[in-house]
Amino acid sequence: MASASERMAFRAAQELRDGDVVFVGIGLPNLACNLARATHAPGLCMIYESGAIGAIPERLPVSIGDPSLVTDSLAVVSQAEVFQCLLQGGRIEVGFLGGAQVDRWGNINTTVVGPYENPKVRLPGSGGACEIAVHARRLLLMMRMSRRAFVERCDFITSPGHRMHGKSRAELGMPGGGPARLITDLGVLAFDETGEAVLTEVYPGVTPEEVQAACGWPLKVAARLETSASPDAETLRLLRERLDPQGLHL
Amino acid sequence: MDKRCSMKEAIAASVKTGCSLVIDGFTHLICFAAGHEIIRQGVRDLTAIRLTPDLVYDQLIEAGCVKRLVFSWAGNPGVGSLHALRRRSEAGASSRIALEEYSHFGLLSRFLAASAGLPFWPLDNYAGGDIARANPEIKTVQCPYTGRTLATVPALHPDVAILHCQRADQEGNAQVWGLLGSQKEVAFAARRVIVVAEEIVPTEVIRKDPNRTLVPGIIVSHVVHEPWGCHPSFVQGFHDRDNEFYVAWEEISRSPERYAAYLDAFVYGVEDRKGYLAKLGAGVMDRLRAKPRVCAGVDYGY
Chain S
1455 MASASERMAF RAAQELRDGD VVFVGIGLPN LACNLARATH APGLCMIYES
1505 GAIGAIPERL PVSIGDPSLV TDSLAVVSQA EVFQCLLQGG RIEVGFLGGA
1555 QVDRWGNINT TVVGPYENPK VRLPGSGGAC EIAVHARRLL LMMRMSRRAF
1605 VERCDFITSP GHRMHGKSRA ELGMPGGGPA RLITDLGVLA FDETGEAVLT
1655 EVYPGVTPEE VQAACGWPLK VAARLETSAS PDAETLRLLR ERLDPQGLHL
Chain G
3 MDKRCSMKEA IAASVKTGCS LVIDGFTHLI CFAAGHEIIR QGVRDLTAIR
53 LTPDLVYDQL IEAGCVKRLV FSWAGNPGVG SLHALRRRSE AGASSRIALE
103 EYSHFGLLSR FLAASAGLPF WPLDNYAGGD IARANPEIKT VQCPYTGRTL
153 ATVPALHPDV AILHCQRADQ EGNAQVWGLL GSQKEVAFAA RRVIVVAEEI
203 VPTEVIRKDP NRTLVPGIIV SHVVHEPWGC HPSFVQGFHD RDNEFYVAWE
253 EISRSPERYA AYLDAFVYGV EDRKGYLAKL GAGVMDRLRA KPRVCAGVDY
303 GY
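Residue numbers (this note's numbering), protein chains in the order written: chain S, 1455 to 1704; chain G, 3 to 304.
Keep in mind that the hints were calculated from the coordinates and are not lab data. Warning: the hint list may mix true and false statements.
As the list claims (entries may be wrong) - Taking beta-carbon pairs under 10 Å as the criterion, some of the chain G residues facing chain S (in silico):
1) Leu84
2) Ala95
3) Asp132
4) Asp211
5) Asn213
6) Leu216
7) Ile221
8) Ala250
9) Tyr264
Cβ atoms here follow ideal geometry from the backbone N, Cα and C, with glycine treated the same way.
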């Protein structure tokens, strides 16, 4: 039986195609990329914010700036090249993001919980997340569901989704495609033509009522709700024994 | 010109109360030795600038050196929070530091403008979100060619930039490999540059591989030889990142008492980096020393 993290990593890997250029962070997105590379997408090109292109780290990096990302990579470029040439230059197909809060439009908050000037919790901030959200052609969001995280309104929009303060990406002239999927521990949400999240898949044994109970807004549910495929025994062994043997993220 | 001096001398000559400072490095090449010397010298009211203020900036904050933080991601990478910063920025804080916040691309663009001698830098970013709403320094401009609206940020010239590198000569020609961060842009943006090197090498070594030089000596004012000056950060080809320390720091920094005890032991309680390394112990250094992975080099002949 797959754990919630294993289901999320597996489901995210299904979104990656062979040859995709992926801007990847640490944790589950990293694991999803490694899984895709080890199975159906051997030609996946992993780019890290720290500047490593085509990284094939021998160990799971603790931070996005691990020395193992450099050794045997295809190229190491400066931050100026990462943000100007790769992201703003439109070279990134897939970006991954998560955060403390997400709303129905896929807006993400990694800045503060509470008011900006006097926050209850001061979070790390954007880093490169805002520009990933603006420029990646497809954005994959990965977050565990709870009413605290899936909110009616983000306290702060760090990384824009499909609709911000009443304006759409098209109205704002934003280059990237915005969130394509919101992959959670209960199921998967896609985004409809208005940019609103719609529950399209649940994991085996999960009901739409359970998903709604963990969501802070009245959730749209697809007319045909699918059940997500589960990782088979071989995939689970790959995840557990080869890709994350120390259980850092699973 | 031989620009070599001790860390103590370089900091005393350059980092003054009230000045603006970057100790650069993107997880790689973060010069903790410089931060610790600034704390020991009791410098106050710094404007501390960096894309990724991490543990050494948090230590500067805890030690009372920082008035204002200019940043884009403030955390313990892959582990957790910066607790000195959180204690001075969240609801109920008894004293606060001022925050000026960007995304990575935004703050980097401030260095790009300064390094290129321009008053501002345009970027296609911030539409729709709240970062520009929270920071009045981020403005917009209409592109004269396409009519599109672009975000802008103003040039940022730090008073002092401190950059760690693998090797430099006595004039400060600094060679770097591995993750490059924004070291080059920061160096050209700053009014004064201190280069700290793992190794000091003869200029002939630099000349044999000139493409490896990230920062030329012509913009460097001080050169400090400080092996292991980056621990717990890493230096590609020299030593690994001390991930165990970053993980352990989460608990140390949560508690003001444990935090103070750490600073007493490893910063105030030592004279210099040599003292820090003696306290750290050979066991830790042996654990982190890099296994060689030498590249073949190239032919510069013509």
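Here is what the structure says about each hint:
The criterion of a C-beta within 10 Å of any C-beta in chain S is met by leucine 84 of chain G, whose closest approach is roughly 8 Å, and the hint holds. Here the hint on alanine 95 of chain G is kept, as its CB sits about 9 Å from the closest CB of chain S, short of 10 Å. A hinted interface residue such as aspartate 132 of chain G counts as satisfied when its beta carbon comes closer than 10 Å to some beta carbon of chain S; here the least separation is about 5 Å, so the hint holds. The closest approach between the C-beta of aspartate 211 of chain G and any C-beta of chain S is roughly 16 Å, which is over the 10 Å cut-off, so the hint fails.
Look at asparagine 213 of chain G: its Cβ only gets to about 13 Å from chain S, farther than 10 Å, so that hint breaks. Using the Cβ-Cβ criterion of 10 Å, the hint placing leucine 216 of chain G at the interface with chain S is satisfied: the shortest such distance is roughly 9 Å. Among the interface hints, the one on isoleucine 221 of chain G is violated; its C-beta lies about 17 Å from the nearest C-beta in chain S, farther than the 10 Å criterion. For alanine 250 of chain G, the shortest C-beta to C-beta distance to chain S is roughly 13 Å, which exceeds 10 Å, and the interface hint is violated.
Hint on tyrosine 264 of chain G is violated. Least Cβ distance to chain S is approximately 20 Å, over the 10 Å limit.
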